[in-house]
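Trainee: One letter stands for each residue in the lines below.
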Amino acid sequence: MLPTPKKYFVTAAAAEGETALTAFDNALLKARIGNVNLLRVSSILPPNCELDNDLVIPPGSLVPTAYGAIISDTPGELIAAAVGVGISEKDQFGVIMEFSGKCSAKEAEERIARMLEEAFKMRGIALNKTIIKACEHRVEKIGCAFAAVPLWY
Amino acid sequence: MLPTPKKYFVTAAAAEGETALTAFDNALLKARIGNVNLLRVSSILPPNCELDNDLVIPPGSLVPTAYGAIISDTPGELIAAAVGVGISEKDQFGVIMEFSGKCSAKEAEERIARMLEEAFKMRGIALNKTIIKACEHRVEKIGCAFAAVPLWY
Amino acid sequence: MLPTPKKYFVTAAAAEGETALTAFDNALLKARIGNVNLLRVSSILPPNCELDNDLVIPPGSLVPTAYGAIISDTPGELIAAAVGVGISEKDQFGVIMEFSGKCSAKEAEERIARMLEEAFKMRGIALNKTIIKACEHRVEKIGCAFAAVPLWY
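For the record, the sequence lines run as chains A, B and C.
Mapping to the UniProt record's numbering: the first sequence position 60 is 60, numbers consecutive.
Mapping to the UniProt record's numbering: the second sequence position 152 is 152, numbers consecutive.
Mapping to the UniProt record's numbering: the third sequence position 75 is 75, numbers consecutive.
Check before you lean on any hint, since a few could be wrong.
Put simply, identical chains are the same to the list, so a pair is met inside one copy or across any two.
[Unchecked claim] Straight line, CA to CA, 30 Å or less: simulated DSS-like cross-link-like pairs of lysine-lysine:
id, residue 1, residue 2
1, LYS106, LYS121
2, LYS30, LYS121
3, LYS106, LYS90
4, LYS129, LYS141
5, LYS121, LYS141
6, LYS6, LYS30
7, LYS121, LYS102
8, LYS106, LYS141
9, LYS90, LYS121
10, LYS106, LYS129
Just so you know, these hints were derived from the structure itself, not from any lab.
Source: prediction; values computed, not measured.
The shape of chain A in the complex, shown without the other chains:
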């Protein structure tokens, strides 16, 4: 089987670029995961996976990552992305939710909070702690708002 991740952090950043993909790339760089290979996952925090804000991941690594992203080429538009980790008990799995849209960071955060509540309610487990990060961006030319939970080892 593929090894189950043991560490994570939570990050969000926005950036401009000359194209949609380079705006995304620039947001990843600001979010500290621009030089790795994101493998998008949906989106469970493994049991005993520990928060490590100082994680340094070698360039080119394959990094399972839950993320939300929005790219816009409408100058003046406000875009936002948010992620949230919901935790019950340390030795139980948690849930990761991601969101992106044409709204403020505050709205994106509130949405994530409600999504985590719904996810835990559906699973019948207590939501004891949440970690939410969001960013917003007013598009100049081509902008990207990005929020992610990279999972690592």
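For this one, chain A is given, so just place chains B and C on it according to the hints.
Mentor: Relative to chain A, chains B and C alone:
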């Protein structure tokens, strides 16, 4: 290299949610893969990969999965998702096809059957067996129809 | 951790199909990666990852792959996909860019070249070499243009 999966099952389920992502999450829970990390793949059944309907996958695991999904927020709309596995011989690879759309489960199933036929015809190998699962859902508020082939070890 | 890829190649191909997914499948077959499981990544070439144009990957393998793809069901429409690998020094990571759109292969290639320049400029490293592949396709019924950098071991 990444280890090649050895087991699989076929699943489909639909659900409502308060948001698009929680509708998706709820459909995954019903489909028995709500507490793992789906890694979306396109979409070959490895040689000698065995059907195991009783697979229990530990929470948080990274699970390579071929899937189709549709989310709709149009009340009254009929949505469907289907997946199919086409098999030639046990020791040869198979092909997985996925589909989702605004149609019935029956239409989605028929589409998958035709897609598998085309996939085997293009490869010049005989299609000896198919396993197809589909679900349909009449949207109440925000609904998701989901069908998947999780690959495991 | 997941093992970091050590080899890669660059490929592009276009095809028709009876459906969107089988057009995609047929393009993958032409691109020599139709019988493996693509895991989509964003999109760094690991340090010391070597070009190997004769790579043969076993059927069903999980293959981290950066790719761009476009599918169109508008007869007569010109579609294109391109990928590019930008390399600084062999022992440093490189950057992969992908693009697809309603344009010619030449336009897609030019776009990739500019995206690679921007990506290296943002990282403050020299872009010493690029490998770009593109394809274009005039849609008959349902067509797919696909370009990829499969990463392997």
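Trainee: From the Cα coordinates, with 30 Å as the cut-off, is the pair LYS106 and LYS141 best called within, between, both, or neither?
Mentor: So LYS106 and LYS141 pass the 30 Å test inside a copy (23 Å) and across (24 Å) alike.
Trainee: Using 30 Å as the alpha-carbon threshold, which applies to LYS129 and LYS141: within, between, both, or neither?
Mentor: between (38 Å within a copy, 28 Å between copies)
Trainee: At most 30 Å between C-alpha atoms: does LYS106 with LYS90 qualify within a copy, between copies, both, or neither?
Mentor: Within one copy, since 28 Å is at most 30 Å while 44 Å is not.
Trainee: Indicate which option fits the pair LYS106, LYS129 if close means a Cα-Cα distance not exceeding 30 Å: within, between, both or neither.
Mentor: Within one copy only: 19 Å inside a chain, 43 Å across chains, cut-off 30 Å.
Trainee: Between copies, within a copy, both or neither: which fits LYS30 and LYS121 at Cα up to 30 Å?
Mentor: For LYS30 and LYS121, the Cα distance is within 30 Å only across copies (14 Å; inside one copy 34 Å).
Trainee: Given identical chains, is LYS106 near LYS121, meaning Cα to Cα at most 30 Å, within a copy, between copies, both, or neither?
Mentor: within (23 Å within a copy, 32 Å between copies)
Trainee: Treating 30 Å as the Cα threshold, decide for LYS121 and LYS102: within, between, both or neither.
Mentor: For LYS121 and LYS102, both the intra-copy (27 Å) and inter-copy (29 Å) Cα distances are at most 30 Å.
Trainee: What label fits LYS121 with LYS141 when the C-alpha limit is 30 Å: within, between, both, or neither?
Mentor: For LYS121 and LYS141, only the inter-copy Cα distance (18 Å) is at most 30 Å; the intra-copy one is 41 Å.
Trainee: For LYS90 vs LYS121, is the C-alpha pair at or below 30 Å within one copy, between two copies, both, or neither?
Mentor: within (18 Å within a copy, 42 Å between copies)
Trainee: Is it within, between, both or neither when you check LYS6 against LYS30 at 30 Å Cα-Cα?
Mentor: Both. Shortest intra-copy (23 Å) and inter-copy (26 Å) distances satisfy the 30 Å Cα cut-off.
The structure meets every hint from the earlier list without exception.
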